[in-house]
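Chemist: So the sequence shown is residues 1 to 92, counted in the numbering used here.
Hint data in this document are derived by calculation from the structure and do not stem from the laboratory.
Do not rely on the hints blindly, as some may be mistaken.
Below 20 Å or equal to it, Euclidean Cα-Cα: the simulated SDA-like pairs (lysine to any residue) are [to be verified]:
no.: 1; residue 1: K3; residue 2: E63
no.: 2; residue 1: K4; residue 2: E63
no.: 3; residue 1: K20; residue 2: K37
no.: 4; residue 1: K37; residue 2: C17
no.: 5; residue 1: K85; residue 2: K20
no.: 6; residue 1: K50; residue 2: G86
no.: 7; residue 1: K32; residue 2: Y62
no.: 8; residue 1: K20; residue 2: E71
no.: 9; residue 1: K36; residue 2: P14
no.: 10; residue 1: K85; residue 2: V72
no.: 11; residue 1: K50; residue 2: D74
no.: 12; residue 1: K85; residue 2: G54
no.: 13; residue 1: K47; residue 2: K36
no.: 14; residue 1: K36; residue 2: A59
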Amino acid sequence: MQKKKIVNTVLGRPQICLGKAGINENVLNDIKRYLKKEGVVKIRVMKSYKMSRGADVEAIAYEVARAVNGEVVDVRGSTFVIVKKGGAAGGT
């Protein structure tokens with residue numbers, strides 16, 4: 001994985017938002033698709049999901065990463081970044 005690609009994702013806008021529906025099959029499929037294509041994905045946890053879940057963002061990040069076979073590389077506030085395990089993004 002190129003470090004520049006991860007940094008650009010960390011500094012950029014989130015590609016996925018976790019809302020009231022939470023972590024469901026559709027969201028996980030979207031995350032897997034981003035990981036397969038880009039190798040890295042930024043996810044924002046909406047306040048409604050945090051309140052209904054009662055969990056902190058870091059716990060949610062690791063749960064999602066485990067579900068999509070990825071690794072958490074950054075957690076800041078309500079957002080987190082996951083990369084593909086092994087760090088290979090898009091053939092680089």
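Chemist: Each hint: holds or not?
Modeler: Tested hints:
The straight-line distance between the Cα atoms of K3 and E63 is roughly 24 Å, outside the 20 Å bound, and the hint therefore fails. About 26 Å separates the Cα atoms of K4 and E63, which puts this hinted pair outside 20 Å; it is violated. At roughly 26 Å between alpha-carbon atoms, K20 and K37 are farther apart than 20 Å, so this suggested pair is violated. At most 20 Å may separate the alpha-carbon atoms for a hinted pair to count; K37 and C17 meet this at roughly 18 Å.
For the proposed pair K85 and K20, the alpha carbon gap of about 27 Å is over 20 Å, so the pair is violated. Restraint check: the Cα-Cα separation between K50 and G86 comes to about 29 Å, which exceeds 20 Å; the hinted pair is violated. A threshold of 20 Å between alpha carbons decides the hint, and for K32 with Y62 the separation of about 15 Å falls inside it, so the pair holds. A distance of roughly 24 Å separates the Cα atoms of K20 and E71; the hinted pair therefore is violated under the 20 Å criterion.
For a cut-off of 20 Å, the pair hint linking K36 to P14 stands: about 17 Å separates their Cα positions. At most 20 Å may separate the alpha-carbon atoms for a hinted pair to count; K85 and V72 meet this at roughly 9 Å. Among the hinted pairs, K50 with D74 is consistent with the structure: their alpha-carbon atoms are about 18 Å apart, no more than 20 Å. About 28 Å separates the Cα atoms of K85 and G54, which puts this hinted pair outside 20 Å; it is violated.
Restraint check for K47 and K36: the C-alpha separation of about 28 Å exceeds 20 Å, so the hint is violated. Under the criterion of a C-alpha separation no larger than 20 Å, the hint pairing K36 with A59 is inconsistent with the structure, at around 23 Å.
Of the numbered hints listed earlier, those contradicted by the structure are 1, 2, 3, 5, 6, 8, 12, 13 and 14.
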